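K.L.:
Sequences and hints are given; from them, build the entire structure.
For reference, the chains in residue letters:
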Amino acid sequence: MSSFGPAPPPGTSDPTLPVGAMSSGARRSLPASLLVGGVLVGAIAVTALVSLLWTPHDPLLVEGSQRLQGPGAEYWFGTDRFGRDVVSRLMVGARTTLLVGVVAVGIAGLIGTPLGVLMGMSPRVLGETVMRFNDLLLAFPALLLAVMFGAVYGSSTLTAMIAIGIASIPVFARVARSGTLQVLASDYVLAARSAGRGPLAIAVRHVLPNISGLVIVQASVSFAIAVLAEAALSFLGFGTQPPTPSWGRMLQEAQELVAVRPFQAVAPGASIALAVLGFNLLGDGLRDRLDPRLDDRRGA
Amino acid sequence: MLVQLARRTAILLASLVVASILVFWFMWVLPGDPAQVALGTGATEEAVAEMQARFGTDRPVPVQYLDWVTGLPQLDFGQSYVTGAAIGPLIIDRLLVSLWLIGAGMLVALVIAVPLGTLSAVHHRRPLGTALAGVSQVGIAIPNFLAGILLIGLVSVSWQLLPAGGWVPPDQDVVQFLRRLLLPALSLGVIEGAVLARYVRSTVLNVLREDFLRTARAKGLTPGRALVRHGLRNAAVPVVTVLGLQLAVLLVGAVVVERVFVVPGLGSLLLDGVANRDLLLVQGVVMVLVVAVLLLNYLVDVLYTVLDPRLRATA
Amino acid sequence: MGAVSARPDPPPAVLDVAGLSVRTGDHALVEDVSFHLGAGERVGLIGESGSGKSLTALAIMGLLPDELSASGHIRLREVERDLLSASETERSTLRGDRLGMVFQEPMTALNPLMRVGAQVAEVLRIHGAVSGREAATDRARDLLAAVELPDPERIARRYPHQLSGGQRQRVMLAMALANGPDLLICDEPTTALDVTVQAQMLKLIDDGVAARDSALLFISHDLAVVATVCDRILVMYGGRIVEAGPTRALLTRPRHPYTEGLMAASDLEAVDAAGRLPTIAGSVPPDGRFPDGCVFRNRCPRGDDACQAWPGWTGEQHDGVACWYPSGSGREAGRG
Numbered sequence: 001m002s003s004f005g006p007a008p009p010p011g012t013s014d015p016t017l018p019v020g021a022m023s024s025g026a027r028r029s030l031p032a033s034l035l036v037g038g039v040l041v042g043a044i045a046v047t048a049l050v051s052l053l054w055t056p057h058d059p060l061l062v063e064g065s066q067r068l069q070g071p072g073a074e075y076w077f078g079t080d081r082f083g084r085d086v087v088s089r090l091m092v093g094a095r096t097t098l099l100v101g102v103v104a105v106g107i108a109g110l111i112g113t114p115l116g117v118l119m120g121m122s123p124r125v126l127g128e129t130v131m132r133f134n135d136l137l138l139a140f141p142a143l144l145l146a147v148m149f150g151a152v153y154g155s156s157t158l159t160a161m162i163a164i165g166i167a168s169i170p171v172f173a174r175v176a177r178s179g180t181l182q183v184l185a186s187d188y189v190l191a192a193r194s195a196g197r198g199p200l201a202i203a204v205r206h207v208l209p210n211i212s213g214l215v216i217v218q219a220s221v222s223f224a225i226a227v228l229a230e231a232a233l234s235f236l237g238f239g240t241q242p243p244t245p246s247w248g249r250m251l252q253e254a255q256e257l258v259a260v261r262p263f264q265a266v267a268p269g270a271s272i273a274l275a276v277l278g279f280n281l282l283g284d285g286l287r288d289r290l291d292p293r294l295d296d297r298r299g300a
Numbered sequence: 001m002l003v004q005l006a007r008r009t010a011i012l013l014a015s016l017v018v019a020s021i022l023v024f025w026f027m028w029v030l031p032g033d034p035a036q037v038a039l040g041t042g043a044t045e046e047a048v049a050e051m052q053a054r055f056g057t058d059r060p061v062p063v064q065y066l067d068w069v070t071g072l073p074q075l076d077f078g079q080s081y082v083t084g085a086a087i088g089p090l091i092i093d094r095l096l097v098s099l100w101l102i103g104a105g106m107l108v109a110l111v112i113a114v115p116l117g118t119l120s121a122v123h124h125r126r127p128l129g130t131a132l133a134g135v136s137q138v139g140i141a142i143p144n145f146l147a148g149i150l151l152i153g154l155v156s157v158s159w160q161l162l163p164a165g166g167w168v169p170p171d172q173d174v175v176q177f178l179r180r181l182l183l184p185a186l187s188l189g190v191i192e193g194a195v196l197a198r199y200v201r202s203t204v205l206n207v208l209r210e211d212f213l214r215t216a217r218a219k220g221l222t223p224g225r226a227l228v229r230h231g232l233r234n235a236a237v238p239v240v241t242v243l244g245l246q247l248a249v250l251l252v253g254a255v256v257v258e259r260v261f262v263v264p265g266l267g268s269l270l271l272d273g274v275a276n277r278d279l280l281l282v283q284g285v286v287m288v289l290v291v292a293v294l295l296l297n298y299l300v301d302v303l304y305t306v307l308d309p310r311l312r313a314t315a
Numbered sequence: 001m002g003a004v005s006a007r008p009d010p011p012p013a014v015l016d017v018a019g020l021s022v023r024t025g026d027h028a029l030v031e032d033v034s035f036h037l038g039a040g041e042r043v044g045l046i047g048e049s050g051s052g053k054s055l056t057a058l059a060i061m062g063l064l065p066d067e068l069s070a071s072g073h074i075r076l077r078e079v080e081r082d083l084l085s086a087s088e089t090e091r092s093t094l095r096g097d098r099l100g101m102v103f104q105e106p107m108t109a110l111n112p113l114m115r116v117g118a119q120v121a122e123v124l125r126i127h128g129a130v131s132g133r134e135a136a137t138d139r140a141r142d143l144l145a146a147v148e149l150p151d152p153e154r155i156a157r158r159y160p161h162q163l164s165g166g167q168r169q170r171v172m173l174a175m176a177l178a179n180g181p182d183l184l185i186c187d188e189p190t191t192a193l194d195v196t197v198q199a200q201m202l203k204l205i206d207d208g209v210a211a212r213d214s215a216l217l218f219i220s221h222d223l224a225v226v227a228t229v230c231d232r233i234l235v236m237y238g239g240r241i242v243e244a245g246p247t248r249a250l251l252t253r254p255r256h257p258y259t260e261g262l263m264a265a266s267d268l269e270a271v272d273a274a275g276r277l278p279t280i281a282g283s284v285p286p287d288g289r290f291p292d293g294c295v296f297r298n299r300c301p302r303g304d305d306a307c308q309a310w311p312g313w314t315g316e317q318h319d320g321v322a323c324w325y326p327s328g329s330g331r332e333a334g335r336g
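Chains as they are written, first to last, in our numbering: chain R, 1 to 300; chain F, 1 to 315; chain D, 1 to 336.
It is worth saying that the hints were derived from the structure and are not from the lab.
Fair warning: this is a prediction, and the values are worked out from it, not measured in the lab.
Even glycine gets a Cβ: it sits at the ideal position worked out from N, Cα and C.
Any given hint might turn out to be false.
Cβ-to-Cβ under 10 Å is the rule here; a few derived chain R residues that face chain F [what the hints assert, rightly or not]: (1) V125; (2) A139; (3) Q252; (4) P262.
Incomplete in silico selection of chain D near chain F, CB under 10 Å [stated by the list, open to error]: (5) L58; (6) L63; (7) R91; (8) D97; (9) L99; (10) A109; (11) N111.
P.N.:
Written as structure tokens, this is what we have:
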């Protein structure tokens, strides 16, 4: 996108247009995505927490007499083909989803961010070279890596989240490096350098605080990707193994029933979609709020 | 420009070599002796030794790597340890099926994304634009396999219009081929269309604010014609980049969609390989997928320079 | 006043702007602007950033951003309909043909993916000035030669990024003048250029409009630049025209305190008692929130209670002032 770099941002370049008038629309739309995203993510988190204490039914209880019940007062979203309560399984599934997301994004952020900062602060040639390797790793999508992990180590929630986490490291490294390069080029870092500050002090005092916005935004986006990847893996049988409830797994069971119950997939499918939507919107909203580059544009 | 091309090609070749080492190491060295893996833990020592000798896994690892990697350019991926069949032709066969699916999916995606994204950019901050942006935001959140299951539920089961899965090669029966291609291509393409529409929207928005578009209108073009004549080609530059990268995403997305619709593509081959612990087969498929992704990135880079004259001059 | 009355009656107007306002929502960015331009007449529109001069130009061209709306009347010679009520299609047939415009920023105003020759040829072909690709290419090359670009044949095959800012601005001028417009609008055409090429650009504009007898609306914040090119000057502040007059009279005897401030600020030799360069007190209010009544009153040395009401226009449309206490009227005595 560098081809559009030199062009001044719209609205701000025309001095005759009042800045407030141009950006007020963008400002107004900003809380909407943040709000909706926050509510969705919050709802999933609360559901997961509640499921630790209470679910309407035992999510693992197989009841032969209650198979494939339709939605009703007893089973709000009905039961699956083993007679297990769909709502209870969805609630516990939220836990799986969040766990995978947190661990995967944690691995990626905690390894990728320092790696990116390091690459940004290391000599140019070294940084570029490592970046090439980093870009190469981007050619291994999370799903592919997880399938490879599954093939070698066997399938489980643990291998799925580790694989998704590892696959997400390069993105964080890339974001952190470009943010670092930007910060390093700034006057205050130059000042800190000339004042004799060492690289570690500069990294901790200047670089990390300034790229934290970028990293948080990336975390939100990567979380959405992790949710999708976990669902796909569990759907394929490479992620969470039965009987542990997982949304992707529930979709796979729904597909086996598609001839009998064409829309059994709706409830777990909607859960996945809402979770991904929530994290994507949260990421969008946070980007508007936190991305320092956008701030620069607005203030110019 | 030639210097640049040479440089990019060199990077591609280096990437391919490194990628092959990574894949080989991960699939071949990491799990332990492949013969042992293929035969399971209960195998006798003689059986393992016999298998090692048969497949040459008793040789040093670098020799095995060279043996494997030098076969790749000739599409020789070795022989399956499970079925004994040659892997190369199998992969080519399945790849062709996947390419149909991915091509059709990308077509669907573009048909959706270009008008949707352009329209939502042109109607930016008006009800239609906001609604379209919302639609694509929701579309992005839906996994393609969910779209597939819902399509099967609706079109195949409830309406009984199209088959729920399977595959007929186009040279055998075009109508049946298309009937079976449609649903998987839609599941892949509609969702991808939502993703692409966002990129199209943001690049068109950027282009709409460009000074040269105002110049185009000052020359006497209506806003619509100015956008078509001057805007879209400028918007195409970043969109093409994303398109190439998204093709790689589709490649992986197809793995799941193939499973939903029982399409015998590369994805199904990969998953069957994993299920049968046929590591060399898995290794081959993974390598093909990674090569495809790297190759796409390379082509995007090259195309980018062709599209944008500003990049031709700079080294 | 002698200099003014000596002038012959202005020729029939090429452009007549009456009561033009530009608004965003209910907030006016340009208000009640009226002026006219005769054939071949050169009029300068000056004022600081945010005074509404660029918006006035864009309103005439019909290129205002979507979120802004214009009201009032804009008439072009021999065009039946008021431009502001004309359809987008009607307006686009006028743009590039009878109305030409050169923008401030030469670096971004040309399509980066198109050779400049083709960009000049396009404006000819849109309006059917020439038929056939080859004829358009030839004519485009002539136009590039006319703006004194060296080796126009070669320049025509270049992409914008291969040209300097001054060269690009000349390409813009060639495009704007290609169809011999009745009116050429130049919005700060030299502001982004090196000082050394500014004078050359001004001369090209001057020659270009003279050769075609086009009227020129020249927008600038730089009094000196406007003075070299224009017969008449309109001074804009806060979205309104606050003073108008022939160049010499206006520069020798400014009436509006804002014009006086502009002149003092551009006079590099003048220093006040403390040895500082004079400036206009305060600055243009952010977000275009100018005061009610006289828009200049919060920065004006003569402002008082009377200025809470808009002073209205005194004098002719092309020679007058909007001020309660204009210089030379005697009313400003004892103030400021």
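K.L.:
Next step is simple, just say for each hint if it's right about the structure.
P.N.:
Do the hints match the structure? See the list:
no.: 1; hint: V125; in the structure: violated (15 Å)
no.: 2; hint: A139; in the structure: holds (4 Å)
no.: 3; hint: Q252; in the structure: holds (9 Å)
no.: 4; hint: P262; in the structure: holds (3 Å)
no.: 5; hint: L58; in the structure: holds (8 Å)
no.: 6; hint: L63; in the structure: holds (6 Å)
no.: 7; hint: R91; in the structure: holds (9 Å)
no.: 8; hint: D97; in the structure: holds (6 Å)
no.: 9; hint: L99; in the structure: holds (8 Å)
no.: 10; hint: A109; in the structure: holds (5 Å)
no.: 11; hint: N111; in the structure: holds (4 Å)
Going down the numbered hints, you'll see the structure goes against just number 1.
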